[in-house]
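Starting from the structure of chain A, add chain B where the hints point.
So the sequence lines, in the order shown, correspond to chains A and B. The opening position of the first sequence corresponds to residue 17 in my numbering, with each subsequent residue numbered one higher. The opening position of the second sequence corresponds to residue 17 in my numbering, with each subsequent residue numbered one higher.
These aren't lab readings, by the way, just hints derived from the structure by calculation. What you are looking at is a predicted structure, and each value in this text was computed from that prediction instead of being measured. Beta carbons: idealized from backbone N, C-alpha and C, even for Gly. Wrong hints could be hidden among the right ones.
Said to hold, decoys possible - Simulated pairs of lysine-lysine, BS3-like, Cα-Cα distance not exceeding 25 Å:
id	chain 1	residue 1	chain 2	residue 2
1	B	K346	A	K346
2	B	K408	B	K212
3	A	K340	B	K346
4	A	K212	A	K340
As the list claims (entries may be wrong) - Per the computed footprint, the stretches of chain A lying under chain B, defined by three or more beta-carbons under 8 Å from a beta-carbon of chain B, are:
id	region
5	227-239
6	242-252
7	304-311
8	423-436
Stated by the list, open to error - Take a look, some chain A residues computed to stay more than 12 Å from chain B by CB distance:
id	residue
9	D29
10	L78
11	D114
12	K161
13	G165
14	R170
15	E196
16	L261
17	E283
18	K340
19	F371
20	S381
There are 2 protein chains.
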Amino acid sequence: MTDYLPAVLKALDDSREPALKRLFEVLRIPSISTDPSYKDSCRATAEWCVNTLREIGFDAGLRESVGHPIVVAHDGPRSAAGKPHVLFYGHYDVQPPDPLDLWVSSPFEPRLAVEPGNGEVVVARGAEDSKGQFSTFLESFRAWKRVAGELPFRVTVVIEGEEECGAHSLSRFLAEHGEEITCDLALICDTVQWDKDTPGITLSMRGIVGAEVVLTGPNRDLHSGQFGGAALNPIRALVHILAGLHDGDGRVTVPGFYDGIPTLSTERRRQLESLGFDAAAFLSDIGLSRPAGEKGYSALEQLWVRPTCEFNGVTGGYQGVGVKTVIPSKASAKLTCRLVPGQDPQQILDSLEKFIRGRAPKDCSIEFRADDGGYPAFAFDPESPHVAAAAKALEEEWGRPAALMGAGGSVPIVASFNQKLGMDCLLIGFGLDDSRIHSPNEKYNLTSFYKGARSWARIIDHLARLS
Amino acid sequence: MTDYLPAVLKALDDSREPALKRLFEVLRIPSISTDPSYKDSCRATAEWCVNTLREIGFDAGLRESVGHPIVVAHDGPRSAAGKPHVLFYGHYDVQPPDPLDLWVSSPFEPRLAVEPGNGEVVVARGAEDSKGQFSTFLESFRAWKRVAGELPFRVTVVIEGEEECGAHSLSRFLAEHGEEITCDLALICDTVQWDKDTPGITLSMRGIVGAEVVLTGPNRDLHSGQFGGAALNPIRALVHILAGLHDGDGRVTVPGFYDGIPTLSTERRRQLESLGFDAAAFLSDIGLSRPAGEKGYSALEQLWVRPTCEFNGVTGGYQGVGVKTVIPSKASAKLTCRLVPGQDPQQILDSLEKFIRGRAPKDCSIEFRADDGGYPAFAFDPESPHVAAAAKALEEEWGRPAALMGAGGSVPIVASFNQKLGMDCLLIGFGLDDSRIHSPNEKYNLTSFYKGARSWARIIDHLARLS
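Chain A extracted, bound-state conformation (with noise of 0.2 Å):
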């Protein structure tokens, strides 16, 4: 097989501008999914990568869904025998940019900046989450096919308009039309780096389950005076019974809860540990001093292999100014589980929600609603070719080994591609975590997105090679 990496990378070197310019292009276009008054936005979004696609050279056009349109583009080699198929999977689709008032500059009128430490930014709603995530591989795919003409082997490619907004249109279309993106391998652009001169490879994540738990005694909300001491006041049972879960250790006490979580390897606790994570530093930014998880696991533990038992909310009675002697009929709470590999999550809620109706007070009444679209964790083999080959390829680009990282939070789609359509995933993304997604003068690094384009051309290589 010829090799074409050389002239890619400086093809890629050669394009910073008019890569910069396209970028440009797609963040001025704002594509907020969750509000139906960008519906047309979204819409030119989509077709802008559609557009982008088919210069590239790729076949691409809309998928429609109820909610915003899907992009799907395929190329590859007129012979592709003995390669693997790979599918490479962003999202156009942005977060709302309120606050307005924060930021510095119009979050749809992107502008270069310049940060201490991280050197020249990116700053646009979208710049990093994902518009600049999902073109540096647009960007390689361009750089490769100038070079050599085609890819090394087929190329699926998937970006959505609804991943900010938890709606369902594309597992709607992977379950009607999974059968046109399977491939061997999903690559999935939408993670960080494990910090900007390091590169990322995310191995695991955690899954999730929810539930709502609704308690009522009383019929009615009572006059505390008239009837406290003899009433059952439900927010009593209610902290009652959450106080339960949780021992003073931090383990969940919920039986069975920890059941089926294989023990941490020697080796990958020996890996977390190399990883040299600044608790401290992690902690104190978020103004706490010291892991408040399991006892016994250090704080990326806590974050990335351990489950946790979380309150989301919880209400009851009077929520206003001043005082209210009322004593409520109702008091509630939302719970989430991150789940790890080894629980199910069916078996977890119904653990919990056993474990929550045995500690009702007889004159209780509970409703326990489960949440839909709970999902299992997952963990990939860091041993495994792909693996290896994409390591390879971040560490000849960024000089230093990529980190084999876990998260603690989920991208919902992996589920999706790796339980439902039996592919292999990688989860690699030039993200950092001081990049304000979410938040007002989201940012991207500019070394994110010109190396993020070379370590994709890097790993199209290696990957080539593997077969």
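Below, chain B alone, put in the same frame as chain A:
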């Protein structure tokens, strides 16, 4: 002393029709104190009281305040040496009638209705609370004055207009002009009978202190995936603290909470038992089946003579529909403790604050905001001559002994009268628990109205014979 009582009672019986007409008159004025658009109606009601009191023969007038005016009136015999000076207290303001669509007829167009068990009732906002109630003593004054020419001792009447809106005009008036209305005894007509056939004297009321507790963990709301596990969740810290406030027997665990509370005397316990309180019916009416308070105490004891620590509100994190995977920065709760005699409000607040602060995790900051306006409980001596006189009068009128009742709630003005102005107080009212005060279709039994006025005539007679 001439025995005017039989003639006074006959005068009351003979004037039922005009008395009811007068009650209807004042019920027609919508004196909703909390709503500024009813300011003129409130003043018109106050003026109705002044005119009525003048018509009866009182020296009556308005005392202006920052809020609604206070009605103050004086009367008494030319020679009152050796006689008590007695205050009668009522309020002319009413609760808003909302929700209006649940009223069978217009709330300010009083009507007579017949209710199973209650017989004839007046239906209107304020019918019981408290225009019906204060009309009972106005009618008894009218009859006394007509028959005897004068009342047998000096009487001062205070009818305020801000009882239902928690405003402080009367407290301010007492602080500045307390001497004008300081009497030997205050008769407060704003409470209930034991049941529709049994009169009651309320001898104790619980006090109250309250606070809001605000816990702050992280310096901002966090993503529960990105931070969950390592980051302290203030809802978790809060429910842990709140759950620790009661033990398994329903006792408050705050050290010193029960200090100073005298053991319930065998006599008082027997007295309470003799009332034959139907706890099952009381609880069943609010959808409950068992007393939720301290083990070892009856429901009535839990309601009247034992203190509570009650959660009136709890708030934290996401309150809306659906799921938000947030670890909130803050969580808070509103608490009030109902106090009994022996408990010092400030000491209870201090102990509560110390307890709560002592249970907060290190990374959690706590704001403890004590409410203004706490006040201690009070209990009057069941053996006092005033109680004995009133009890005798009530028994003569109703043909059965007056129940010596307690109350779980509070009438704040009693604390001012008793503790600031040093007056003995007697709480005697003719309300009933089923009268729907503060609710649609409020009613007042005609028996309460007519026999209430007769009861006051008898009480005045008995008090006049005391000295």
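Against the structure, the hints:
{"no.": "1", "hint": "B:K346 to A:K346", "result": "holds (21 Å)"}
{"no.": "2", "hint": "B:K408 to B:K212", "result": "holds (18 Å)"}
{"no.": "3", "hint": "A:K340 to B:K346", "result": "holds (21 Å)"}
{"no.": "4", "hint": "A:K212 to A:K340", "result": "violated (52 Å)"}
{"no.": "5", "hint": "227-239", "result": "holds (count 6)"}
{"no.": "6", "hint": "242-252", "result": "holds (count 10)"}
{"no.": "7", "hint": "304-311", "result": "holds (count 7)"}
{"no.": "8", "hint": "423-436", "result": "holds (count 4)"}
{"no.": "9", "hint": "D29", "result": "holds (34 Å)"}
{"no.": "10", "hint": "L78", "result": "holds (29 Å)"}
{"no.": "11", "hint": "D114", "result": "holds (15 Å)"}
{"no.": "12", "hint": "K161", "result": "holds (36 Å)"}
{"no.": "13", "hint": "G165", "result": "holds (42 Å)"}
{"no.": "14", "hint": "R170", "result": "holds (33 Å)"}
{"no.": "15", "hint": "E196", "result": "holds (30 Å)"}
{"no.": "16", "hint": "L261", "result": "violated (8 Å)"}
{"no.": "17", "hint": "E283", "result": "holds (21 Å)"}
{"no.": "18", "hint": "K340", "result": "violated (6 Å)"}
{"no.": "19", "hint": "F371", "result": "holds (15 Å)"}
{"no.": "20", "hint": "S381", "result": "violated (9 Å)"}
Violated hints, in rising order: 4, 16, 18, 20; the structure is consistent with all others.
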